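Chains as they are written, first to last, in this note's numbering: chain A, 874 to 1132; chain B, 874 to 1132.
Mixed in with the good hints, there may be bad ones.
[Claimed, not checked] To give a feel for the contact side, a few chain A residues facing chain B, derived at Cβ under 10 Å:
{"id": "1", "residue": "898"}
{"id": "2", "residue": "900"}
{"id": "3", "residue": "904"}
{"id": "4", "residue": "944"}
{"id": "5", "residue": "963"}
{"id": "6", "residue": "976"}
{"id": "7", "residue": "1025"}
{"id": "8", "residue": "1029"}
[As the list claims (entries may be wrong)] Subject to a maximum C-alpha distance of 30 Å in a straight line, what follows is the list of computed DSBU-like cross-link-like pairs (lysine-lysine):
{"id": "9", "chain 1": "B", "residue 1": "916", "chain 2": "B", "residue 2": "965"}
{"id": "10", "chain 1": "A", "residue 1": "988", "chain 2": "A", "residue 2": "916"}
{"id": "11", "chain 1": "B", "residue 1": "924", "chain 2": "A", "residue 2": "916"}
{"id": "12", "chain 1": "A", "residue 1": "916", "chain 2": "B", "residue 2": "965"}
Derived from the structure by calculation, the hints contain no laboratory data. None of these values were measured; they are calculated from a predicted model. Glycine is no exception: its CB is placed at the ideal position from the N, C-alpha and C atoms.
2 protein chains.
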Amino acid sequence: MKKKLSVVKIGGNVIENEAEMERFIHLFSEMEGPKILVHGGGKLATQLASKLGIASKMVNGRRITDAETLDIITMVYAGLTNKNIVAKLQSKHCNAIGLSGADADSIQAHKRPVKEIDFGFVGDIDGVNTTTISNLISLGLTPVFCAMSHDGNGQLLNTNADTIASELAIGLGEKYDTTLYYCFEKPGVLMDVTDEASVVRHIDSKKYKELLHEGIIADGMLPKLENCFHALHNNVKSVCLGNMFMLDQNNDLFTTITL
Amino acid sequence: MKKKLSVVKIGGNVIENEAEMERFIHLFSEMEGPKILVHGGGKLATQLASKLGIASKMVNGRRITDAETLDIITMVYAGLTNKNIVAKLQSKHCNAIGLSGADADSIQAHKRPVKEIDFGFVGDIDGVNTTTISNLISLGLTPVFCAMSHDGNGQLLNTNADTIASELAIGLGEKYDTTLYYCFEKPGVLMDVTDEASVVRHIDSKKYKELLHEGIIADGMLPKLENCFHALHNNVKSVCLGNMFMLDQNNDLFTTITL
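Bound-form chain A, shown alone (with noise of 0.2 Å):
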């Protein structure tokens, strides 16, 4: 039988706020087994990058990272939140070991090839390196992932955090029984929008068609979805998808996914 691990997604919302934050490294650290987090770098780059005078570069509500961004991205993203999470684990006795995809050449990507849109150091993932992953993780050691990866050639890249949660989990779920945490604003997804008590508790593929025929599952919840069905095809058993409280044993109100 495989060991279970949890990979669990926080974004930004949490992040930026240090009550939320508080209770946030209280609640994963409580997590029994394995486990591995991954972060979000939140509005603190936009605020970093406008108190520097460099302006945030939005296409189709995208972020064009150019040089300039991928420092401001690198020092938040990788240093101080990415530290700050790690110390504060720490304080837990959660042995955290912060990581870039750069470091022990965790998540391989290539630079986005230029189409329409030219997004500038973004990468797309082509692998990650689930044999040193694993290693860390049998010293005893909770790796904390910054959105970030690198080409291999020296070049860090902007990495959608979501992505780097998703791809995470698939390559360790062939070693281990991986549920993917996707932590977000609202308690799961919502039967009905206004009430947040309306919380669908389990979907399976036969349930989604279900929710996607009645427009339950429309806007911004469609792609969240989509990627949740395809880390389940590929290797992981299972994603739920809640605020931070999901992570605590004796809340069931969350929305589990399954095949």
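Once you have looked at the hints, place chain B on chain A.
Frame of chain A, contents of chain B only:
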């Protein structure tokens, strides 16, 4: 017989210069056997602070690390500098892993007690986690440390890079035959400071006393040499002082210090 281990410390002058950095990355990646890199931060942190309108506070030539300055150091040392070094080493097939002292609880410290001067968030090292660091080395990884430690209670601390290098060499000296390389501007200890060819090739305890007596070792070299002998009295096999070209196997123009 113990395995050999090289602990190399580079300073800001190398980090700040792109061409020097490329040269260093090549030389370091070519070094055989297990190795550790420790880097300072250089002027990049001061430059960033200045751009953000944060004054660098110095007392007796030493930087005071307030909360704002600590954030900048964390961004520059642990983020920008560390991750770019790691990515560049990866491109030379050196499997680097960037670490602060908080990562894997590798360097434990306490905030320097306030006496006449309050240095702020500056760490005095209590110990290095030799088990975890040698486990990482056993995985074929090359740890790259930035000049930061942590107090175990969630606080990151700015920490002298020379001290981190010597404490790592001392701690790992029990398990490895450790050589400590301090890279600085000069090719070694010079008999005549105006003549870069006048390198003293070998200094032992007896020679050290002579050089002190003759006034050859004075001023800035004095604390450096004291630090070297401290390491040699505590498990470190030899200390090498010189510029980065001492890492080249074919170069023997540098100072080797032994007891």
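Here is what the structure says about each hint:
no.: 1; hint: 898; in the structure: 8 Å, holds
no.: 2; hint: 900; in the structure: 16 Å, violated
no.: 3; hint: 904; in the structure: 18 Å, violated
no.: 4; hint: 944; in the structure: 6 Å, holds
no.: 5; hint: 963; in the structure: 6 Å, holds
no.: 6; hint: 976; in the structure: 5 Å, holds
no.: 7; hint: 1025; in the structure: 6 Å, holds
no.: 8; hint: 1029; in the structure: 5 Å, holds
no.: 9; hint: B/916 / B/965; in the structure: 26 Å, holds
no.: 10; hint: A/988 / A/916; in the structure: 27 Å, holds
no.: 11; hint: B/924 / A/916; in the structure: 19 Å, holds
no.: 12; hint: A/916 / B/965; in the structure: 34 Å, violated
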